[in-house]
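Residue numbers (the working numbering), protein chains in the order written: chain A, 12 to 90; chain B, 2 to 465.
Hints in this document: simulated from the structure, not taken from any laboratory.
Mixed in with the good hints there might be a few duds.
Every beta carbon over 10 Å from chain A, so not counted as near; a handful from chain B, in silico [to be verified]:
(1) M219
(2) S237
(3) V319
(4) R387
(5) K398
Below, a list of computed lysine to aspartate or glutamate pairs in the EDC-like style, where the Cα atoms sit at most 16 Å apart [stated by the list, open to error]:
(6) B:K398 with A:D17
(7) B:K398 with A:E50
(8) B:K398 with B:E425
Just so you know, these numbers come straight off a predicted model, no measurement behind them.
Note that beta-carbon positions come from the ideal geometry of N, C-alpha and C, so glycine has one too.
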Amino acid sequence: MRLVVDLNRCQGYAQCAFLAPDVFAMHGEESLLYNPHAEAAQREQVLRAATACPVRAILVEDPDDAPDRVEEEGLSGVR
Amino acid sequence: MSGDGALEQLRREGRIVIVGASLAGLRAAETLREEGFTGSLTLIGDEPHEPYDRPPLSKQVLLGHASADRTELPRRHGLDADWRLGVAAAGLDMAARRVRLADGDEVEYDRLLIATGVRARPWPHPTEAELDGVFVLRTRDDAARLQRRLAASPRRVLVIGAGFTGSEIASACRERGLPVTVAERGAAPLVGALGGVIGQVAAELQREHGVDLRCGIMVTGLEGDSAGRLRRAHLSDGTTLDADVAVVSLGATRNTEWLAGSGLGAGPRGIACDAGCRAFDVRGIVTDDVFVAGDVARSPHALFGYQFLSLEHWGNAVAQAATAAHNMISSSSERRPHLWVPAFWSSQFGVNIKSVGVPSLGEEVIVTQGSLAEHRFTGVYGYQGRVIAAVSFDQTKWLEFYQRQIESAAPFPPEYSSVDRRPEGLRPVPADFPDPSLPTHGPSVTVSGYSPTDQRITFTPARA
Numbered sequence: 012m013r014l015v016v017d018l019n020r021c022q023g024y025a026q027c028a029f030l031a032p033d034v035f036a037m038h039g040e041e042s043l044l045y046n047p048h049a050e051a052a053q054r055e056q057v058l059r060a061a062t063a064c065p066v067r068a069i070l071v072e073d074p075d076d077a078p079d080r081v082e083e084e085g086l087s088g089v090r
Numbered sequence: 002m003s004g005d006g007a008l009e010q011l012r013r014e015g016r017i018v019i020v021g022a023s024l025a026g027l028r029a030a031e032t033l034r035e036e037g038f039t040g041s042l043t044l045i046g047d048e049p050h051e052p053y054d055r056p057p058l059s060k061q062v063l064l065g066h067a068s069a070d071r072t073e074l075p076r077r078h079g080l081d082a083d084w085r086l087g088v089a090a091a092g093l094d095m096a097a098r099r100v101r102l103a104d105g106d107e108v109e110y111d112r113l114l115i116a117t118g119v120r121a122r123p124w125p126h127p128t129e130a131e132l133d134g135v136f137v138l139r140t141r142d143d144a145a146r147l148q149r150r151l152a153a154s155p156r157r158v159l160v161i162g163a164g165f166t167g168s169e170i171a172s173a174c175r176e177r178g179l180p181v182t183v184a185e186r187g188a189a190p191l192v193g194a195l196g197g198v199i200g201q202v203a204a205e206l207q208r209e210h211g212v213d214l215r216c217g218i219m220v221t222g223l224e225g226d227s228a229g230r231l232r233r234a235h236l237s238d239g240t241t242l243d244a245d246v247a248v249v250s251l252g253a254t255r256n257t258e259w260l261a262g263s264g265l266g267a268g269p270r271g272i273a274c275d276a277g278c279r280a281f282d283v284r285g286i287v288t289d290d291v292f293v294a295g296d297v298a299r300s301p302h303a304l305f306g307y308q309f310l311s312l313e314h315w316g317n318a319v320a321q322a323a324t325a326a327h328n329m330i331s332s333s334s335e336r337r338p339h340l341w342v343p344a345f346w347s348s349q350f351g352v353n354i355k356s357v358g359v360p361s362l363g364e365e366v367i368v369t370q371g372s373l374a375e376h377r378f379t380g381v382y383g384y385q386g387r388v389i390a391a392v393s394f395d396q397t398k399w400l401e402f403y404q405r406q407i408e409s410a411a412p413f414p415p416e417y418s419s420v421d422r423r424p425e426g427l428r429p430v431p432a433d434f435p436d437p438s439l440p441t442h443g444p445s446v447t448v449s450g451y452s453p454t455d456q457r458i459t460f461t462p463a464r465a
């Protein structure tokens, strides 16, 4: 599943790093490094982390609620 | 009333084309759908990939914590869009409202959004740039190539240019245990973005982490062996440096060449637009149907003396794309100005660097909290007696306060006391930015004719 963190908003509360440590990790005192592609097995943890973020900085695309993919929308004009 | 009818028709069955399928292009497309646009939507991107996120490329990806080819941006919802990926836009006919593609195809629009962004400025000597071991870092393909080479344990990495990208690359190299030399023409890393006072802190960080940092130095040549592999670099102090990897981090060039001759006010400094993201043509007249967003845009900001700001910031791409998309399908009275307060972050050598406002406008800087020596502080920049920007090293929690100070034009130096103020925070010091009067890459414009009806403007983009 795809995710992105708005690091302008992030204030290093580290809730995500506690709840989904395989995806989010603190790097130094307050920098957050995350994997923008989380495995499906991490789904529950990632969704919990996104919900727990005090500044709502985490955007997750839930594959169970996935929007259309590029292939389905027509690539390179071959619609 | 006919105007309202036309707008309704545009929203219902109009054709919107977005050139540039990265962060700004994607967010604009999402906003258009969210605001009820049901017409046809086409996204054109020169890279063959779906929109992906770039900030991880110089950090997580180089460290091997994330894969370069799994950085696609999450979608807020489906777009029902026609994606033309892997084919660049090659020309614009504003009169016929047509975008020409590199494969010869043409796409017609009622509203056009240009979000073509920037690309890495290449090493200026083409044959040296082609040496095996010379890299730039902008795209995910760049990141994948560089990450593979770093994983193969080169003997020494040379980073050319110590802006944010170069500094982050050096940080990743050190974390991987690789010997790294950074060559910076200025007096310190990050000096263009944050000034010399804060730049000195960045220099200390690099040296404490084992970077061989050389400031006031230019790389004058790259030398390869008979097999075309990079072997050493020649420096402006007459010395040479053995290195098998060089990463050219000399900033970015705006992707506007495809607009040459279109009549749009586009050149090496980007595409000028009004605060509502409508592009200017070369005559300085604002267009009705061409909009701009993201790194390629230059727009006047009311908070900063209406100066035209060009912001290569992640947050700017997101905010400006949303504003442009809204304005594209709104009547003039419903349009919004792009008033986002500039903000960016960088993570390097274990320190979280964040900024709000426009530090490079700052004449003076004062450390209001923490201490430079501890590499943990908040610095506030002043311009003509008001707070214009702030930067934090591992003190992000204070920045929102200073953003409000910037938005309310609070007096500088700050009159209030602040938590953890040290003796060094009692007086502002010159922020020490490089001389802004050094030559820039401005376009040349010539005017011919005498009466207003005869006057013609010829626009010649200067070379970047």
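Hint-by-hint comparison with the structure:
1. For M219 (chain B), the requirement that its beta carbon stay farther than 10 Å from each beta carbon of chain A is met, with the minimum near 31 Å.
2. Non-interface call for S237 (chain B) relative to chain A: holds, since the shortest CB-CB distance, roughly 33 Å, exceeds 10 Å.
3. A beta-carbon of chain A is positioned within 10 Å of the beta-carbon of V319 (chain B); the least distance is around 8 Å.
4. Consistency note on R387 (chain B): stated as away from chain A, and its beta-carbon is indeed over 10 Å from all of that chain's, at 22 Å minimum.
5. Remark: the non-interface label on K398 (chain B) conflicts with the geometry, its nearest Cβ contact in chain A lying 5 Å away (cut-off 10 Å).
6. The suggested pairing of K398 (chain B) with D17 (chain A) holds, with an alpha-carbon distance near 15 Å, which does not exceed 16 Å.
7. For the suggested pair K398 (chain B) and E50 (chain A), the alpha carbons sit about 31 Å apart, so the restraint of at most 16 Å is broken.
8. Proximity of K398 (chain B) to E425 (chain B) is assessed by CA-CA distance (about 21 Å); at most 16 Å being required, the pair is judged violated.
In summary, the numbered hints that this structure violates are 3, 5, 7 and 8.
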